[in-house]
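Model the placement of chain B on the given structure of chain A, informed by the hints.
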Amino acid sequence: MNAYISALLFFALSMTVTAAPAAGGYEVGDKATDFTLKNVDGSMVSMADYGDAKGFIVIFTCNHCPYSVAYEDRIIDLDNMYRPLGYPVIAVNPNDPDVQPEDSFDKMIERAEEKEFPFPYLFDDGQKIYPQYGATRTPHVYVLEKEQGDLIVRYIGAIDNNYGDADAADEKYVADAVDALLAGSRPEVSSTKAIGCSIKKKK
Amino acid sequence: MQLRSVPLFLTLLFLPIANFAQTGPATDLRTEGGKTVSVYEGFETLAPLLRAPDGDLLVINFWATWCAPCVKELPYFEELVRDDFDGRVRVLLVNLDFRKQLVSRLLPFLEKQGIQADVVVLDDPDANGWIDRVDSSWSGAIPATLFLGPGIREFREQSFTRKDLQTLVTSFVEKLP
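Chain order of the listed sequences is A and B. If you're matching positions, the first sequence starts at 1 in this note's numbering and goes up one per residue. If you're matching positions, the second sequence starts at 1 in this note's numbering and goes up one per residue.
This is chain B alone, in the form it adopts within the complex:
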């Protein structure tokens, strides 16, 4: 076994443990570069992360590595993190990859793309039980994005161009107190 595959092997060992944790805290996976990705089993455990922050804008994007339009727009969400907007914008990427592909596909993808935004995995196959809790207008198609802030709640079931995302986020940031 090559030395560099040891972390992957350890992660693989660890993954089955995650499958038994039905509730409670998330299980953490780590990319080779050390980025932590928390896996939430059950929407209930993830829900607290989807609350509007006190003074800033939170942009929550639902995506998967197998979703081509999602992957295409990811760099635009990354730019929101880099542009920073004076620290007023946070980006949370909620990944919906299949459980068995988290280690084989998601972690290498994040590493290769150098994703800086926070990434969590929602692993709750009973989607009918939680889609409405994200937004009642959501049909379930991805990509989908929720914008939350003080007095701001906007849900979009669509893919964004760089310009449309920048324009929308800028308009929200201008509304922040």
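Extracted from the complex, chain A is given alone in its bound form:
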């Protein structure tokens, strides 16, 4: 009997291991956790603060990465477009400033002021949040939909299909995903990849 239970336990454990995505983090359809992180204005921000929101465009991004910089204006546009419709942008800097000094909290404040970010720009202090989401690079987007109090991951990936030239991008993945959710359906493209800067882990 003991052996039987051990075998069952072993089976259950091995199932858990194989069911988890190799790199860790969320897949489309998973429940995302809320967080409470410090914003560049000094306040603490959680998604729970947004009672009226239908969902969120969570973007792991940073100061130093050229891909993040190339997308800054497009991230501002996304917030201006979708915040009034119930999908605000929440930007999170996941990098360790000891490894990447340009991504320190003070530099985040500078950049947010320079660019007049209309969205919160949060610091993943202690790097607890990005591994839960499974972000690997900047920028890395998670579109979340509120569903009966839960935050369900509906899209993971790139903002669009041309980092170099916003006008040349003919697949606007994030905008399309949010449009689909606003229309009551699921994003047609729910996951994409992009070249980006690896997230700088504490050494």
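Each computed BS3-like pair below joins lysine-lysine, with the alpha-carbon atoms no more than 30 Å apart:
id	chain 1	residue 1	chain 2	residue 2
1	B	163	B	112
2	B	163	A	201
3	B	72	A	203
4	B	112	A	203
5	A	202	B	163
6	A	172	B	100
Don't read these hints as lab results, they were simulated from the structure.
Chain B in isolation, oriented as in the chain A frame:
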């Protein structure tokens, strides 16, 4: 205009031509020291270079000059070229710098670092269309490295220490026929 900036000027003149070549052969840029760097517009044109060689090991590293961990590990890949492994190891550095920085930043960087390994530029902004074709496990973060050889295919989305790279490459070279 100083005489030594003439080659740079010529290269600058030449660059816009590259922007119109959507398909077909690569456009060649040249460093001041004469190193040729081919620019491939569209993954399709680069793909033939990413095939396993017949008998040797091919180490393909994806990098950019703005990527600090990439720049840090470049000398370790250079050492693979210098160490030679009896001519069994080839290194291909696939650069992902932005188009507008190739002449202003990449070429001077290669010159200054004295890079000996083969360098090509992949200029294809629709990365979602080609990342999986390099390796389906790649999230898109760089640095990333692909090791190819007869019966060898290993992809690593990570930065290497000198020792880890040497150890891994040595283990592959020992497997070569």
